[in-house]
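Enquirer: As they're listed, the protein sequences go chains A and B. Going by the working numbering, the first residue of the first sequence is number 1, and it counts up by one from there. Going by the working numbering, the first residue of the second sequence is number 1001, and it counts up by one from there.
Since the hints were derived computationally from the structure, they do not count as laboratory data. Any given hint might turn out to be false.
Stretch by stretch, here's where chain B covers chain A in the computed footprint (C-beta under 8 Å, at least three residues) [claimed, not checked]:
1) 34-41
2) 197-207
Here are some of the chain A residues that sit facing chain B, going by a computed Cβ distance under 8 Å [claimed, not checked]:
3) PHE45
4) ASN51
5) LEU54
6) GLY58
7) GLN93
8) TYR188
9) SER189
10) VAL191
11) ILE193
12) PHE210
13) ILE212
14) LEU233
Bear in mind that the values here come from a model prediction, so they are computed numbers and not experimental data. For every residue, glycine included, the Cβ atom is placed at its ideal position computed from N, Cα and C.
Below, each chain spelled out in residue letters.
Number of protein chains: 2
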Amino acid sequence: MSEDIIQKSNVATPRPTKEGQGRGCVDSYPFYVEPFHVDMTGRMFLGILGNHLLNAAGNHSQRRGWGIGALNETHHTWVLSRLSIELEEMPRQYEHGSIETWVESVIKLFTNRNFAILREDGTAYGYARSIWAMIDMETRRPCDLLNLYDGDILNYVVSEDEKPCPIAGHGRFRFRDPQLVRTIDTHYSDVDINGHINSIKYIEHILDLFPIERFRDQRLQRFEIAYKTESYLGDQLSFYMQEIDENEMDVEVRKNDSEVVCQAKVRFN
Amino acid sequence: MSEDIIQKSNVATPRPTKEGQGRGCVDSYPFYVEPFHVDMTGRMFLGILGNHLLNAAGNHSQRRGWGIGALNETHHTWVLSRLSIELEEMPRQYEHGSIETWVESVIKLFTNRNFAILREDGTAYGYARSIWAMIDMETRRPCDLLNLYDGDILNYVVSEDEKPCPIAGHGRFRFRDPQLVRTIDTHYSDVDINGHINSIKYIEHILDLFPIERFRDQRLQRFEIAYKTESYLGDQLSFYMQEIDENEMDVEVRKNDSEVVCQAKVRFN
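This is chain A alone, in the form it adopts within the complex (with noise of 0.2 Å):
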């Protein structure tokens, strides 16, 4: 699915239309950053973050019946494809917090899914957005949301102007001469219940592309991915990397050398 398809999903938000919608409609999940869940500064993984941000997806559309077990009776499955995450800091070892999670719009083939990463006290550590597909899983084509149960899914709009998230959107990517900097296999720990490397480690494989003085001596404040394609067990992946400025650089993932399979965008302070 390009690029392009995804942009237009930011053009416009549809208002909720029924009843239910609302504040009601944000859920929040707790969690707790355990000690092997952060980096060598006790702050936790972004790749563990991004486990929570999906968790938190996956139970918000789970307990409106648009959960991956109700929509696989009729072979339909939630697709990311979109994930950009902005943290003022990021959540500490032994520390508690919650995710807030809510359905920003709806436009025909895209949902926008917002995140508010919250402390104890409800201040922000930061927020995320988020794009999903909704996918036929024989077609591997895209669905028109607002056909399927009748449109239900507007009913859990929670509209920017009743729930903000004041990060920016999801940017472009525009790669011209990129530096190839590893390649690396693939192997059993990668790979998802689907045969699919999973959506988290290429979030690991990328942060691991940085010195480790840019997590002790900077804080990461932003990271963008856009998944394209799917890579599967035994395909090699190759990272190639752009510099924007000294603390912003572009990473496309290629598979085999040949096809791009994601592109991600990373921000230190």
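Add chain B to chain A, keeping to what the hints say.
Expert: Frame of chain A, contents of chain B only:
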């Protein structure tokens, strides 16, 4: 610390001598098998289970005043020396279970801590055994556990008669002519808050040595690991493998192609 010292800790089982011992010293921690924590067969990754075990151990110690936080004040810390996990079945996606943990015995320099990994109905997926040393953070030498806090730790011992752990003890490793099968660099996501390569990451890297057919057509039945010394960010890890029989392999991990970091035994059914 040599394996000989570790083996001694299996010799005798001191009996609890004060009140408060027995079944009341078995704690139970719930777990849930998240979608991103399962492999391509839908079973939980062993590294994730290992993480749950270590969390259960940490919480159990902490509740009794023997947690890392309390110990750090006197410059002591727990070091995991051995971990052996044996499973009849691996928990599957969306299943709920619990981990029981208790201290089976304390020998001068080591504690034997056991685990039961239970289904929702109380039957066992499997069991695990572990050996921990308490070290002085300055000298890095093991401490006599019976001298610490007036031997308080003996209050928490639950003997084998009271609570059995029906799996074999930790085995011995005898490497003769193991073959080098992979060498990897270590990166940001391998390292824990102490700057060491994370105990769980070794498990992931070791299982990544096996072809997917092992996990798809067989089942991981038993995994043992003996931690010998720490490795650090930037160390290169080399993996040497030795076949015991067609379903059992020993793996030795060396850093910078010299010192042995850990040894593992992997048995498929």
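Enquirer: Now look at each hint and say whether the structure bears it out.
Expert: Hint-by-hint comparison with the structure:
{"no.": "1", "hint": "34-41", "result": "holds (count 7)"}
{"no.": "2", "hint": "197-207", "result": "holds (count 5)"}
{"no.": "3", "hint": "PHE45", "result": "holds, 6 Å"}
{"no.": "4", "hint": "ASN51", "result": "holds, 5 Å"}
{"no.": "5", "hint": "LEU54", "result": "holds, 6 Å"}
{"no.": "6", "hint": "GLY58", "result": "holds, 6 Å"}
{"no.": "7", "hint": "GLN93", "result": "holds, 6 Å"}
{"no.": "8", "hint": "TYR188", "result": "holds, 5 Å"}
{"no.": "9", "hint": "SER189", "result": "holds, 5 Å"}
{"no.": "10", "hint": "VAL191", "result": "holds, 5 Å"}
{"no.": "11", "hint": "ILE193", "result": "holds, 5 Å"}
{"no.": "12", "hint": "PHE210", "result": "holds, 6 Å"}
{"no.": "13", "hint": "ILE212", "result": "holds, 6 Å"}
{"no.": "14", "hint": "LEU233", "result": "holds, 6 Å"}
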